[in-house]
Structure formats: structure tokens, C-alpha cells
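Construct all of the structure, not just a fragment, from the sequences and the given hints.
In order, the protein sequences belong to chains X and V.
Here our numbering is used: the first residue of the first sequence is 2, the next is one more, and so on.
Here our numbering is used: the first residue of the second sequence is 10, the next is one more, and so on.
Calculated directly from the structure, the hints in this document are not laboratory data.
Any given hint could be a false lead.
As the list claims (entries may be wrong) - Pairs of lysine to aspartate or glutamate residues, derived as EDC-like cross-links and limited to a Cα-Cα distance of at most 16 Å, are as follows:
| no. | chain 1 | residue 1 | chain 2 | residue 2 |
| --- | --- | --- | --- | --- |
| 1 | V | K67 | X | D674 |
| 2 | V | K44 | X | E37 |
| 3 | V | K67 | V | D21 |
| 4 | V | K67 | X | E54 |
| 5 | V | K26 | V | E100 |
| 6 | X | K614 | X | D674 |
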Amino acid sequence: MSFWQRLENVFRRERLLREIDEEFEAHLEEAIAAGEDPAEANRTFGPQLRLREQSRDQRVVAWLDALRSDVGFGWRQLLKRKIATAAAILSLALAIGACTSVFRLIDALFLRPLPVAHANRLYALARQGPDDLGVLRIFDGFAYPNFTRLRAAAKGQADLIAASFTHRTDLTYTTEEEMEKGYVQFLSGTAFPLFGLQPSLGRLFTAEDDLTPGANPYAVLSHNYWSRRFASDPAVLGRTVHIGGKVFQIIGVGPVSFTGTEPGAITDIFLPAAMNPDVAREDNRWLRTLAIVRPGVSLEPLRARLNAVSLQFETERAKGFAGMSPHNIELFLQRKLLLQPAAAGVSRLQDDYRRPLVWLGVLVALVLLIACFNVANLMTAQAASRAREMALRVSIGAGRARLLQLVLVENAMLALFSAALGAVFAWWAAPFVVSHINPPGNPARLILPADWRIFAFGALLTLAVTLLFGLSPALRASAIQPVTALKGGEEPHARQRSMYALIAAQVAFCFVVLFFAGLFVAAFRHLSSQPLGFDAGNLLLLETYTPHGQSPEAWSQMADTLRAVPGVTDVAIAGWPLLSGGWAGSISVNAAPPTDTLGWFVTISPGWLGAMKMHLLAGRDFHASDAFPGQAIVNQTFGKTFFHGADPIGRAFEKVNPAGRRQLCQVIGVVPDAVYSNLHDPILPVAYVPFRQLDEKGAVNPAEGGTFLLRTSGIQPLSLSLTLRRLIAQTNPAYRVTNLQTEQELVDNQALRERLLALLALFFATIALLLAAIGLYGVLHYSVLRREREIGIRLSLGANLGSIARLVTSRIFVSVSIGAAAGIVLGVASVRYVQALLFGVKATAPEMLIAPALVLLTAALLAALPAIHRAARIDPVTMLRAE
Amino acid sequence: MKKADTLQGSLDLLALKILSRQPKLHGYAILTAIKVCSGDALNAEVGSLYPALHRMEKDGWIRAEWAERDDGRRMRFYQLTPAGRKQLAAEEARWHTVSSAINRLLREA
Numbered sequence: 002m003s004f005w006q007r008l009e010n011v012f013r014r015e016r017l018l019r020e021i022d023e024e025f026e027a028h029l030e031e032a033i034a035a036g037e038d039p040a041e042a043n044r045t046f047g048p049q050l051r052l053r054e055q056s057r058d059q060r061v062v063a064w065l066d067a068l069r070s071d072v073g074f075g076w077r078q079l080l081k082r083k084i085a086t087a088a089a090i091l092s093l094a095l096a097i098g099a100c101t102s103v104f105r106l107i108d109a110l111f112l113r114p115l116p117v118a119h120a121n122r123l124y125a126l127a128r129q130g131p132d133d134l135g136v137l138r139i140f141d142g143f144a145y146p147n148f149t150r151l152r153a154a155a156k157g158q159a160d161l162i163a164a165s166f167t168h169r170t171d172l173t174y175t176t177e178e179e180m181e182k183g184y185v186q187f188l189s190g191t192a193f194p195l196f197g198l199q200p201s202l203g204r205l206f207t208a209e210d211d212l213t214p215g216a217n218p219y220a221v222l223s224h225n226y227w228s229r230r231f232a233s234d235p236a237v238l239g240r241t242v243h244i245g246g247k248v249f250q251i252i253g254v255g256p257v258s259f260t261g262t263e264p265g266a267i268t269d270i271f272l273p274a275a276m277n278p279d280v281a282r283e284d285n286r287w288l289r290t291l292a293i294v295r296p297g298v299s300l301e302p303l304r305a306r307l308n309a310v311s312l313q314f315e316t317e318r319a320k321g322f323a324g325m326s327p328h329n330i331e332l333f334l335q336r337k338l339l340l341q342p343a344a345a346g347v348s349r350l351q352d353d354y355r356r357p358l359v360w361l362g363v364l365v366a367l368v369l370l371i372a373c374f375n376v377a378n379l380m381t382a383q384a385a386s387r388a389r390e391m392a393l394r395v396s397i398g399a400g401r402a403r404l405l406q407l408v409l410v411e412n413a414m415l416a417l418f419s420a421a422l423g424a425v426f427a428w429w430a431a432p433f434v435v436s437h438i439n440p441p442g443n444p445a446r447l448i449l450p451a452d453w454r455i456f457a458f459g460a461l462l463t464l465a466v467t468l469l470f471g472l473s474p475a476l477r478a479s480a481i482q483p484v485t486a487l488k489g490g491e492e493p494h495a496r497q498r499s500m501y502a503l504i505a506a507q508v509a510f511c512f513v514v515l516f517f518a519g520l521f522v523a524a525f526r527h528l529s530s531q532p533l534g535f536d537a538g539n540l541l542l543l544e545t546y547t548p549h550g551q552s553p554e555a556w557s558q559m560a561d562t563l564r565a566v567p568g569v570t571d572v573a574i575a576g577w578p579l580l581s582g583g584w585a586g587s588i589s590v591n592a593a594p595p596t597d598t599l600g601w602f603v604t605i606s607p608g609w610l611g612a613m614k615m616h617l618l619a620g621r622d623f624h625a626s627d628a629f630p631g632q633a634i635v636n637q638t639f640g641k642t643f644f645h646g647a648d649p650i651g652r653a654f655e656k657v658n659p660a661g662r663r664q665l666c667q668v669i670g671v672v673p674d675a676v677y678s679n680l681h682d683p684i685l686p687v688a689y690v691p692f693r694q695l696d697e698k699g700a701v702n703p704a705e706g707g708t709f710l711l712r713t714s715g716i717q718p719l720s721l722s723l724t725l726r727r728l729i730a731q732t733n734p735a736y737r738v739t740n741l742q743t744e745q746e747l748v749d750n751q752a753l754r755e756r757l758l759a760l761l762a763l764f765f766a767t768i769a770l771l772l773a774a775i776g777l778y779g780v781l782h783y784s785v786l787r788r789e790r791e792i793g794i795r796l797s798l799g800a801n802l803g804s805i806a807r808l809v810t811s812r813i814f815v816s817v818s819i820g821a822a823a824g825i826v827l828g829v830a831s832v833r834y835v836q837a838l839l840f841g842v843k844a845t846a847p848e849m850l851i852a853p854a855l856v857l858l859t860a861a862l863l864a865a866l867p868a869i870h871r872a873a874r875i876d877p878v879t880m881l882r883a884e
Numbered sequence: 010m011k012k013a014d015t016l017q018g019s020l021d022l023l024a025l026k027i028l029s030r031q032p033k034l035h036g037y038a039i040l041t042a043i044k045v046c047s048g049d050a051l052n053a054e055v056g057s058l059y060p061a062l063h064r065m066e067k068d069g070w071i072r073a074e075w076a077e078r079d080d081g082r083r084m085r086f087y088q089l090t091p092a093g094r095k096q097l098a099a100e101e102a103r104w105h106t107v108s109s110a111i112n113r114l115l116r117e118a
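Below, the structure written as C-alpha cells:
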């Protein structure tokens, strides 16, 4: 009989027994028909029931049959205690789901290989060295001419691929009036063949399409974009797309799986690297260099060789750095080339979220442990109440392994239900987190597949969880001594000891989670309460672009038009809004050599300071006739840094660019410090210079791009969007609105990561606290139940409430104290690993430790109250009579 | 019924042998065949026959199928599988070795 048949028989119990009986009946009939005496025939069968069982056991998969009956029994057990089961499943589900979610994110961002050939041999080139402030950083941008040299140097050992930073840009398939946004990545022509990718439609560009700069305006759409934007219409081949003033012809659609080289960004359109406008520039590092290292090539010699080539390129270039201080040139040339494994691709999102995700992982793992310990305690308590059942099973011949299986099956069922519910949670939660990673206007687009990797993780986690919470209670239950149990005696001490130990561990982990959550919240609050130096409320930012530039007069006319819109109280123009970009240069005072420290610039129109509500400390605002070079308004830090505290008004400085070009400015005003491009940075020395710019000959340079700032009053700034777009199109069709947002959004975006981390940490801290409190409550409740008799006797002997409360809670508070102490040690010991995420919050400040301790203590007290209440209400008479 | 003891360990062999001569027999027929062929000398116990049949079925030596007889009675008929044929050969060989050894011992001791 085949295994499958026997497997089938496990689930056809009734039918199988019927068949066995039928065979026996047929036998008897035959015997009687053959003339045998019915009674004698019957007797020869012996004990029929046993025979039947024996036959049945031959015809089923025995272990599976046992399992089936255990599952049935376990199910009834779980149903019997609905509330406890539901609580256990819910808490485990939440924890398993959270762990799986974090794994999904980590897997998608860091572990999952790119869907390309040779992903395991894919490396990313980067340079490590000090930045202008001396902080060690990794720079992964390369200039195209440097890339071609590196490619030549690596020949035979590695194949190099240029991949630009995927960027969101304006593009159109129709006219310049109707722009849309798309994510564009330039790839060297060798990329598609080296990655072994095949087109879904048309063809992909090759090395031949990438030889001559500007010669092959071809575009390849990603499959993802093609299906979203064009509903997979094959007629898209041959259509043209306008990007950055150039027209590209669509020649193909990429394979289904490939969405670019950056996890966290989905590229819509791939363009040949030679079509990048900056392809010849040596100073614009717009691409990442990826390398597919040939098999058998050792990395270090290759790295050293590439390092030498890159260094030579930069050294040659540095000879022209007339405008850079010797110190900065030295720092610049100290950068050392690295070859980093990049099987999963490389992206900015990885750099930003590596640490936060790891810490999130730690927090959810702790929550999972807390949940497991809770369920373990629950199981232990239940095992106590089932001691008699177990003893009975042992005495009628159940082996220890059989008992172990019985209990473990029940636990596994609990874990499986939790895992299923957790999967639902993870299915929802991971995309939820991703949607909160980036600003709403430019969301992170992280592909989160749910495939065998995630399933395997979930399955392993479930198994680990089952063993974690179930193994020790199962071992204990199966090791029962029938004699003691059936006599009614108990062995409570070992059991209770393990329960209190788990409580202490729970409290310790809970403290760590609370502590970290407190730190992340403090870091977020610290960051978002940073003084901005301007008023970001009710400030609309209207970014515009004019293809051929517009005169300063045209710009100010447009500002006047906007000023007339009802609800708008003030309008000004800047090159770009604060907290969204930067422009730097060395500073030279009195024709001195350029400084090591850079000065930072932003171009603004007259009235910009007023619109931003930045108040002049000294001097005056710009006039319409002021220009850059010419005049400047500086912040206090600028004065301190470059004029060493002397009154800057009336003094002059030169902005020096790396090539040595000097632009002279006279300081006409001083403003208080304000944040410039990043809330995380210390205040930078900033010079505000006029939006009206002059070229080298002193002629006005028509500005191509600029941002109108509109201060509104009484209305939501963004509610004006449509009106303003129409008004601008009507007033001067040369203007295109490329973006509309509020300054407040830019401020909020700065702390997005901290906010997310604080929010999630707070969420998990709440869960951890809740679970720990439930755990405490459960154990206290159990210990009161077990000591009802004793308490009853004590009460009848006249014990007061205080002594009963002490009796009930003293042990648990020892556990809580030990746990909290361990938690403090654990927290303080691990805090230096999170310091980088805390932005100036002092982690070991007393309040950071005291606050979570107090919260924990309060929760413990609250959890103890019901048990004390119950103990106090024990009626000695009823109690003793019941015994 | 005491005769059953003589069958200890050789019931498999007998059942397989019977089935090798006559394909498709039900349990009672096998029992009868053992009795008849041995000239009433051997008598298998019903309580041992069915577990043995079901065990050999599990091991894949014999195959069972339900079939309806002319009078409408459903019976379970057994037949030998190729694996069972091999097993029979092995058991027979073993039996001959053991029985000749026992015979020699009885003669010479």
C-alpha cells in the first residue's frame, strides 16, 4: 500500500474502519456459508477491537495519525480558553508580523540581489576621505571622464558600468506646456549586455549607442513604467520624449524585473550615458561606477590599480584648483578608492536607513522576545492546571516523547495562527513604512516582493518562536511524575522560579525598548524644535523654470502679478528655497588666499528677507539695482567666521570658485543665523546675494530658474495652487511651474527619518509595555490563585490588607527591580551604537533613564492592582469550605 | 487450535505461496487454502492472518482491491505484487535452509 494511500487514510478514519469491519464481516459470512459454527467462527477472531486497531495502524501513516489526533485535541484545548488564546495569538502575531515587516524592508533594501546576471560579482566603487569639515565620509559620485579612465584600467579584470543617480525630472511626450514627472537614469551602453538583460519590446541600447556624446538620443522604458504609464501599449516604440530640452526616441522596453540599480527608486526611463549634458565635464560627479569583477580576480590589486588611476585623474584636475585652499586640496586628494560589494544595488536610501532599520530590527526582536516570554508563562501556568491530565496520560502508558509532541503540537498551532495573522500584518505594515520614508511628493519606491525568501523567514521565525515559548513548558509537562500529580501534590517552586526569571527578562527588554524609544523621540523633538531663523508657516514655494531665461524685470513683474492674488500678503523671489539645495565657494577677504572653510550662498530678491520674516540686525535690504557680484547680506556666523567678529557692514569679500574665479561682494546687511540646507548640520556661514546676477562683463544674466515665495494669510497656501498655475500661464507663457510645495513641508521633510523612527519606536514601546504589564498581571494572578488557601488562612487569622499585598507582590517586585536594573545596564551599554542617530541628544542624561523606569514602575503597579484586589477579597470561610 | 503455534513466523510465507498459485483470493479463501493444501495439518488463526495481510499490504508485497461477487457481497481480494514475488523467493529459500538444518539436527543428534 502506497504512502499516499496511507496518508489519505489518516483523514478518512471512519471509512477506513468501515472497510476493515466489512472485510471481517465478509470473512464471517464465508465461514458460516462454509458450514462453520457461527459462535466458533466469531471466537476465532479473538478480541475484535484490538484486531481492528492493529489493522488500522498498518493502513495509516502512524505518526501522522497521532499528529492528527493531537491537532484535534490541541484545537479543543485552545478553544477552551478563548481569551488567553486570543491574547497569546494577538501578541505573537503583532511581534511576528513586525519582525517579518522589518525583515521585508531589510531584505528589499540590502539583501535581495539585483535581477541581473553576475549580481554576486557586482561591486560599487566609492571614495572614502575627509570632507571639508574633516569628517570621514564616503563619496560615491564619479565624473564621466574619470569613469572612462577607470574602465580602461580595469579591462580584462572587471567590466565597469556607469549608472547615474536616478533623479526625478520634468519630461513630456507632447508639448512643453504639459510637463510630467519621471525618474530617469543614465546607463553606460555596456550596462544592459553586461547585466544579461533582454528587452520585453524593441531593443535595449548597447555599447555602440553610447560611443559619441550626444549622438544617440535613444530611450529605453522600464517595464514597470511602460505598464503604468502606457498600459503596456506596444505602439510606444518610436514615440519621442522630451527630457531636459532634448528629444529622445523610445527604442525599447526593459525586462519585467529590472527597475534600475538603486533599491528604493524605480527608474522609469533609461538613457545612454553619452547623452548626459555633463558627459565631458571633469568636475561634475553625476554617476556611480559599478564593476562586475571577473571570476578569479583578486580584489585588492584591482582596487589599488583603480585607486591609482582615480587619484591621478583628480591630481591632474587639482592643478587647476586655483580657488581652493591648499589644505582642502590635500583633504580632497586623501580620498581612497573602495570596492564595496553591491549585489543588492546601491542607493542613497541604503545609506540613510541602514542604522535606523537595524535598530528597528533590534526593537521588534525585543518585543518578540517579550511576547514569547508572556506566552511561555501562560503555558507554564496552564501546564500546572493540566498536571493531572498529564499524569493520567503517563499512567495509562503514554511515553514522554508522545506527551512532548502533544504539548508542542498545541504550541505550534498557536504559533501558526499567530504567523498567519502576522503575515497579514506584515503584508500591510512594510508598505506603510516605505510610504513614510520619503516626502509625499517624492516617495521611496521600494519593491517589496512576498516570495519564498520572506516565507522562509516567517517559517523559521515561527519555528523559533514555538520552541522559545513552548519547549520549556512542554518539557516540564512531559516530565511529570504521575504519583505526585495524582496525589494532588505539586512542585511549584521550579515552575514559579522560571516564571519570575522570565518576568525579570521581560522587564529588562521592555526597559531597553522604552529607553530607545525615549531617545528616538527626544532626537526627533530636538531636531524639529531647532530654531529655523525664519517663519516657515503659510509660505508657498512656487518653483519655476524658463527655458531661455528671463530678465530681472520680467521676474519682478511676475512677482507683482502674484502679489495681487487675494490671500497673498507678500511675494519674493529666490534662486531656490532654503532647505533644498546649496551653492558654496571659498571666501577670500582682502585678496587673501581662499579659506579652508566654505561660505554658502543663496540668491534672493529685494523683500525676500521680509517675506521670510528674517529681521535685519544691521544695514539695509537689497534694492532693485543691487546685483551679484556687488552686494551681499550675511548671517552672524558668516561675520564671525570670515571677519572674526568685526562689524561686517561695509566690508568686502570675494567668493572664489575652484577654478579661481573671484566675485567681489560688499556686505550691506547682517541677519540672524538661519538654517540653510540641512537641519542636521550646524549653522553654516551664509551670504545672501541678489537674484539679479551679472556675468563677467558686467551684463545682466537672465535667470532661467527661480522660486517665488508667497506668504499667505487666512488660507491654506496649497489651496492657491490651481489659481497660481493658471495665472502664471496667462501672464507669461515662458514660465513653467515645475513644483509647488510649502516651506513647512521642506522643514518637515528634514526630520522625516527621525519622525518615522520615533513613531515606530513609540509604537513598539507601547506594545512592549502592554505585553510586559499583561505578563506581570498574568503571573500575579496565577500566584494568587495558587495561594488562595494560604491567603484565606492568613486573612482568617487577622492579617491586614497591607501584609497580604506584600505577600502577593514582594517576589514580583524583586523580579521587576532586577529586570529594570539589568535593562539599565543593557541600555547604557548599547547606547553608543545609536548615538549617530540621536543628533546631539545626550543619551545618558538622567532623565532619559528615569522616565522609562518610572513608566515601567507605574505599569507594574497598575498590573499588580487586580491581583491584590482579588487576594483581599478572598473569603476565608468559602475558601476553606471548598477544600 | 494449538496447531497454530507451528505457524509462528511462517504465516507470511504460506500466504504468499498460496497467492502465488492462485491470484486474487480473499482472506477466508487464503485461510481455507492453507488448511486444504496442508491436508488439514496447518491452521492459521484469523486473528493473525488479517494483521499479517495488512502488514504485507503496507510493505507492498501484496495488493488488495475491493470487488463485488455475483451475489452482491463486496470482498477484499489480495494478489501478489512483483516485490511480493521476490519476497516469497527469499522466504522460501530461508525456509529450506532452516528446515534442512533442523532436519539434519534431528537426524544426527
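CA of V/K67 to CA of X/D674, is that 16 Å or under? violated (87 Å)
Take the C-alpha atoms of V/K67 and X/E54, compute the straight-line distance between them, and say whether it is at most 16 Å. holds (15 Å)
Run the distance test for X/K614 versus X/D674: straight-line Cα separation, threshold 16 Å. holds (13 Å)
Quick one, are V/K44 and X/E37 close enough, alpha carbons at most 16 Å? Answer holds: V/K44 to X/E37 is near 14 Å, not above 16 Å.
16 Å Cα cutoff - pair V/K67, V/D21: The hint holds at about 13 Å.
Is the straight-line distance between the alpha-carbon of V/K26 and that of V/E100 16 Å or less? holds (10 Å)
The structure shown violates just one earlier hint, number 1.
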